[in-house]
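Visitor: As a plain string of letters, each chain reads:
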Amino acid sequence: MPDPFRIAVRAQGLTCRLGDTLAVRDLSLEVQAGELFAILGPSGCGKTTSLRMLAGFEQPESGSLWLFEDQVAGDGLMVPPERRRVGMVFQDYALFPHMTVAENIAYGLPKSPDRAARVSEVVELTGLTSLGERAVHELSGGEQQRVALARALAPRPRLLLLDEPFSNLDPSLRARVRAEVREIVKLSGTTAILVTHDQEEALSIADRIAFMWRGRVEQVGTPDEIYSRPETVHAAEFIGDANIYRLRAERGQVATPFGFLPAPPEAERVAVVIRPEELQIMAGGLGGEVIAREYYGHDQILHVRLHNGAEVRVRVGPHERLGGAGPIALGLRSQPLVLPAVEE
Amino acid sequence: MTSLPMLNRRSAGRARRHAPGAWLILAGLAIAAVSLVPPVYLVVRAFESVDTAREVLLARSTLQLLVRSLAFAATVTVCATLIALPMAWLVERSDLRGRRAIGIVGALPLAVPSYVGALTFISAFGPRGLLQGLLEPLGVERLPSIYGWVGATLALTMFTYPYLFLTLRPALATVDPRLEEMSRTFGYGRWRTFRSVVLPQIRPALLSGGLLVALYALSDFGTPALMRFDSFTRVIFIRYQSAFDRGNAATLALLLAVLALTIVAIEVLSRSRRRTDGVRDSGRPPTPVALGRWRWPAYGFVATVFGIALVLPVAVLVHWVVRGLNAGVAFRAVDDVIWNSVSAAGLAAVAAAVVAIPIALLGVRYRGHWFSRSVEVASYTGYALPGLVVGLALVFAAIRLPWLYQSLTILVLAYVMLFLPQATGATRVALLRVRPSMEEAARGLGRRQTAVMRTITLPLAGRGVMAGAALVFLTTIKELPATLILSPPGFQTLATRVWSASTDARYAEAALPALMLVGISGVALLVLSYGTRR
Chain H
1 MPDPFRIAVR AQGLTCRLGD TLAVRDLSLE VQAGELFAIL GPSGCGKTTS LRMLAGFEQP
61 ESGSLWLFED QVAGDGLMVP PERRRVGMVF QDYALFPHMT VAENIAYGLP KSPDRAARVS
121 EVVELTGLTS LGERAVHELS GGEQQRVALA RALAPRPRLL LLDEPFSNLD PSLRARVRAE
181 VREIVKLSGT TAILVTHDQE EALSIADRIA FMWRGRVEQV GTPDEIYSRP ETVHAAEFIG
241 DANIYRLRAE RGQVATPFGF LPAPPEAERV AVVIRPEELQ IMAGGLGGEV IAREYYGHDQ
301 ILHVRLHNGA EVRVRVGPHE RLGGAGPIAL GLRSQPLVLP AVEE
Chain G
1001 MTSLPMLNRR SAGRARRHAP GAWLILAGLA IAAVSLVPPV YLVVRAFESV DTAREVLLAR
1061 STLQLLVRSL AFAATVTVCA TLIALPMAWL VERSDLRGRR AIGIVGALPL AVPSYVGALT
1121 FISAFGPRGL LQGLLEPLGV ERLPSIYGWV GATLALTMFT YPYLFLTLRP ALATVDPRLE
1181 EMSRTFGYGR WRTFRSVVLP QIRPALLSGG LLVALYALSD FGTPALMRFD SFTRVIFIRY
1241 QSAFDRGNAA TLALLLAVLA LTIVAIEVLS RSRRRTDGVR DSGRPPTPVA LGRWRWPAYG
1301 FVATVFGIAL VLPVAVLVHW VVRGLNAGVA FRAVDDVIWN SVSAAGLAAV AAAVVAIPIA
1361 LLGVRYRGHW FSRSVEVASY TGYALPGLVV GLALVFAAIR LPWLYQSLTI LVLAYVMLFL
1421 PQATGATRVA LLRVRPSMEE AARGLGRRQT AVMRTITLPL AGRGVMAGAA LVFLTTIKEL
1481 PATLILSPPG FQTLATRVWS ASTDARYAEA ALPALMLVGI SGVALLVLSY GTRR
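Protein chains in written order, with the working numbering: chain H, 1 to 344; chain G, 1001 to 1534.
Label-pair distances were calculated between CB atoms; the ranges are:
no., chain 1, residue 1, chain 2, residue 2, range
1, H, 186, G, 1433, 31 to 37 Å
2, G, 1022, H, 76, 17 to 23 Å
3, G, 1433, H, 110, 26 to 32 Å
4, G, 1170, H, 43, 34 to 40 Å
5, G, 1503, H, 138, 54 to 60 Å
6, H, 141, G, 1040, 52 to 58 Å
7, G, 1270, H, 298, 53 to 59 Å
Computed list of chain H residues with no C-beta within reach of chain G, every gap over 12 Å:
no., residue
8, 68
9, 102
10, 134
11, 189
12, 241
13, 253
14, 316
By construction, these hints were calculated from the structure, which means they are not laboratory data.
Keep in mind that this is a model prediction, so the values were computed, not measured.
We put the CB at the ideal spot given by N, CA and C, even for glycine.
This is chain H alone, in the form it adopts within the complex:
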């Protein structure tokens, strides 16, 4: 059993350069044993490079990296991938086309009498029973993905890395496969790190999330913390939907379309973040006009121009205001977030 109080991954100040670009800057992370951890960010933010550093395919320029009690990079040390006991599931699965399913899964196992037993154990775990002798190209996308997962788990890695594992799947399959993968990983008890640009994926599957932006980790937290208390404007913008107003603060206060709010003391420019669902239709609230509507079935977004000139998007239930355009009054459900605005 993995010890929940052990640290599985400890990265300190990892920096990695690809060609002339600084892909990852000063990455520091701690991942608990047994945790399913997600690195989330837009494409090109350095998340895949971070994963490849953990696996040993990229060498950090500076910083250090421990997997459990072993240092694997930094201080002049660079343990090659084959000696890290890290399993990896690639975006394209990277199955070996000249081997059967069972041969793929057995590839990472040493030749020993237990080999076949371990293969069938993993086959069972991943629900691949009866597919063992198939050629890889005969499998569906979801099955290939489970083979990749089984192959990575077979040698009992200390850490499982998943690089955008669901992006090659049909959208209609994704939610189901996600749940399956989470269950398999949790059953195996392996610590896992998943890289994705899909916020829904990260929020629904991960125990904790690190949000990356332009090579830096901007926030680490549980899905709930990341969504409801983003610490940077980028996190607020990237994860979920938000009305964002970039405004000037004076003497610890900022004038927003919804009145004065306290601002961080030293900040001069701030961003006020209001999630569309944090607004509601409220008699006696701030007046405005509905100017457009996006209908989604389970809910809808109203575009409202307030009388004070600001535009805002409001999420309301599917049966509200079916007439569309017309006057409306809005109120806040909770205090909006005020974050320091960063200069781009």
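Since the structure of chain H is already known, use the hints to place chain G on it.
Guide: Just chain G now, with coordinates in the frame of chain H:
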């Protein structure tokens, strides 16, 4: 790790954005350096005495040679087009029955090495040849001479038109039929539509196939030599043999090399500017044109071409083999010649396959890196140059190195230079199947780099590497000019045996090795067409 700046990082692919590793750089540098030996030595040798070089270059005879060779290449190209374009149109656009079979058979003349074809034409139509023998009872004493311009043009046209045929067919097949229908709705007839709509769209294919034929006509040694037509290659060879004129030979060879490289450059440039719009996307094949009574002349045309380019050479060779068997000379010294051919070509195939690996690795894993591209371009030099030119250049380079001069080593080296890109192409296709993530997955599963190479990379790429080697083997075995020039004394191959027997009109001795070469080339053609599919 050496750090080389990326020329184009975007195209370098996700997994390998680094510069190539040290061993790849060393291998690449070595390959590039050796590849550039022939052109460098030609320049050195040609300008050893600047006065002589100037004299040769400015001589009236050189100008005549240049004009004659270019006119010859142009004539062959035009004649080949006159065969290939109608035949490709019949196969792709008409309702002629048996057009599928014609499509396959139409490429087969490539299996007849042009010097073998030339020898069969000479023995059939030449003085005291088979045709005259047949006509003698009718009182025909002399036939018009086959030698010279006419014979050389006939032979080269017949055995090179497939290059054009093969490039024109897909071009004709992918012209969007809707464009033609559009033209017809404007009231233009079939011929007008062909000229104004179809022809412009197949022009790139026509140009690139035509340049290929022209390059072949200019570079070929065996046909002009047997047909006694004074093309560049024949003149160079004669001057080279008359030992006093070797400097002249080098200057002329340099001139020929420049011509050949110019043609290749035009071809590459025209290909890079080719537009990709106008590619058919309707997915509907064009409606075949009903030939009606015109099908009889069409059959006549196809039968004539196949008769001359396929039936005649094979029939003549079989005839001579039978006569040779009766006279007991058919097998004279064929055994050791076969062994020589197989061992030289085998060594060349293995060497080319090995050398191709670093080039293909650079091209696939470091695509777009300036170093990869330079190595690749350099490795193409020998492929673009006539075999005679490469052979001569290597003689000049090795003449002061007795251990190398006229050794099997230098012969194999020449073969590798001439045919390396065939191996590179096959190996590259194979390596593309091995995605970098597969190798990384294997390493992540605890295997060392050497084990990954053994269990993943080689099993996946091995077949392609072997196919490349096979292709080099099959092409090498029929190579003539470099073999003539560089072979160790007394070392004869199937090709040189055919050559020496046919220059003395000992056709019965030439026939069996020639027939073997036709068979081997046929296999090569199959390998090639199988390999390029998919």
